[in-house]
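Enquirer: What follows is the residue order along each chain.
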Amino acid sequence: MAAGGALPFVAGAVGALLLLRLILAVINFVARRRRSHIRTLVVLGSGGHTAEMLALLGGFDLAAYRPRCYVVAATDGMSGPKAAAFEASAAALAASSTPADEEAPASAKKGGRASPGKAGSPGGGQKTVRRSPRVAARGGPSSGSDAAPAAGLCGTLPGARSPDSPAKRRLLAGHQPGGQQPAPAYSVAFIPRSREVGQSWVSSVPSTLRALWTAVAMVLDHSPDLVLLNGPGTCIPIAAAAFLLRLLGLCEGRVVYVESIARVYRLSLSGKILYHSRLAHTFFVQWEELQQRYPRAVYAGRLM
Amino acid sequence: MPPQRAQRTVFVTVGTTKFDALIRAVDRQPFADALVAAGYTRLVMQIGRAEYIPRRLLPPNSRSTRLHNGLAVEYFDFAPSLADHLRGAALVISHAGSGSIFETLRLRCPLVVVPNPLLMDNHQAELADKLERDGHLYAATVENLAEVVARLDPSRLVPYDKGDPAGIVRRIDAAMGLRPKPL
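Protein sequences appear in the order of chains W and S.
So the first sequence is numbered by this note's numbering: it starts at 52 and just counts up by one.
So the second sequence is numbered by this note's numbering: it starts at 7 and just counts up by one.
It should be emphasised that the hints constitute simulated quantities derived from the structure, not laboratory data.
It is possible that part of the hints are untrue.
To be verified - With beta-carbon atoms standing in for the labels, derived distance ranges:
1) 136/W to 90/S: 16 to 26 Å
2) 255/W to 135/S: 31 to 41 Å
3) 141/S to 344/W: 14 to 24 Å
4) 156/S to 344/W: 28 to 38 Å
5) 35/S to 115/W: 58 to 68 Å
6) 124/S to 344/W: 24 to 34 Å
7) 113/S to 71/W: 49 to 59 Å
As the list claims (entries may be wrong) - Per the computed footprint, the stretches of chain S lying under chain W, defined by three or more beta-carbons under 8 Å from a beta-carbon of chain W, are:
8) 89-100
9) 160-172
10) 175-185
What the hints assert, rightly or not - Taking lysine-lysine and the DSS-like style, the derived pairs with C-alpha atoms no more than 25 Å apart in a straight line are:
11) 323/W to 136/S
12) 133/W to 136/S
13) 136/S to 24/S
14) 133/W to 24/S
15) 168/S to 136/S
Note that beta-carbon positions come from the ideal geometry of N, C-alpha and C, so glycine has one too.
Based on the provided sequences and hints, a complete structural model is requested.
Expert: Put into structure tokens, the structure is as follows:
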């Protein structure tokens, strides 16, 4: 047995991995300092969850928290359109409150980004993209031509290798005159459910793994600085993926969980999982009663 | 101009859920009499996915009628937006969904919330219970609904102040390293 001989090899491998991890951490740190915006991933759930999440997003400075990727369960047909409506009204609000700019007339009217001569600005021009089959729709002020969030837009969407790729983002980070965004404001992506209501626990193992795999690809693709979750089951694979990729130094992925306002005395199942596993960096509850029961939770007011 | 009694509508809503027990409880002559005694002139039921179609107060195949006691009664299943119905109501009787509750409270309508007994394990009753303790609405069961409606006093309800995401947003901004914007 060459146990003695294997040890230096193992030590070397571990050392190399740690060094790689350190390098990635340094790269991310430098990149984040140069970046002027916060890439955000938002998980939407059925009905009340989506309403609360959009109420929360309404309080953010959307110019800072972008680009936004909305993750929706594959079987949820309502949340995608609700996100689109929210984004449209937010864009309209922003357009009406920004002072008129002669050089860049309202991009909402034009098909693409209205700033001429900007290197790397996407919109109609960029078609070089890795197909991301899970990203089904996107929109925002820079994408007037494909503003309709429908399936089948994969070919024209930015994927992991194009304007949104980490390398290009770092490059563009320094070229932002007066708030012009080179990247589209939002996208919608679909994730399979880990488990349908009533599904047997045995059969939910493969479906959960599939959801986890999709979540990892999604989080890797979007590379969020911030992940916003508020309760639906679909948020657990995303939280796990964010944690894993953060551990590997591949994304910043700060996970923030906001328990539903309907939860006054007890946490939801997702809430319990995320609270006890400590997968969430910040865990908000919307009632003081719950904050007293769960001391690591934060009470900072209610959304509705 | 002939004097007209002001319309006082009771709006019953179950949102997109199926809550037959509530519709059955409301679709009863004694309940209709209790409404008239309390000064209401109209009852509108939004029945959602109910399998039970109101048939005790209403003639067969009819969606609206006027009862002998003067109460106008009608029902429908869904509408794209319930806001107009909520705004026009003197009293709202709602299932315990949080969206329905907060939409009604935002519009400052007097509200009676009835948690669905079939969903008792799903926490719906928590929110209704808490908001009732804080004086913002009345909670009732399918059994005591008529009694609660008869004795409720809308003037004793405390208006619910709309929530504000700013508190949570501020914390997240700080955690993400955003400097607070000058006002």
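Enquirer: Take the hints in turn and mark each one as holding or not.
Expert: Hints, one by one, checked against the model:
| no. | hint | in the structure |
| --- | --- | --- |
| 1 | 136/W to 90/S: 16 to 26 Å | holds (19 Å) |
| 2 | 255/W to 135/S: 31 to 41 Å | holds (32 Å) |
| 3 | 141/S to 344/W: 14 to 24 Å | holds (23 Å) |
| 4 | 156/S to 344/W: 28 to 38 Å | holds (37 Å) |
| 5 | 35/S to 115/W: 58 to 68 Å | holds (60 Å) |
| 6 | 124/S to 344/W: 24 to 34 Å | holds (27 Å) |
| 7 | 113/S to 71/W: 49 to 59 Å | holds (57 Å) |
| 8 | 89-100 | violated (count 0) |
| 9 | 160-172 | holds (count 5) |
| 10 | 175-185 | holds (count 8) |
| 11 | 323/W to 136/S | holds (21 Å) |
| 12 | 133/W to 136/S | violated (29 Å) |
| 13 | 136/S to 24/S | holds (24 Å) |
| 14 | 133/W to 24/S | holds (23 Å) |
| 15 | 168/S to 136/S | holds (16 Å) |
Consistency with the previously given hints fails for numbers 8, 12, ordered from lowest to highest.
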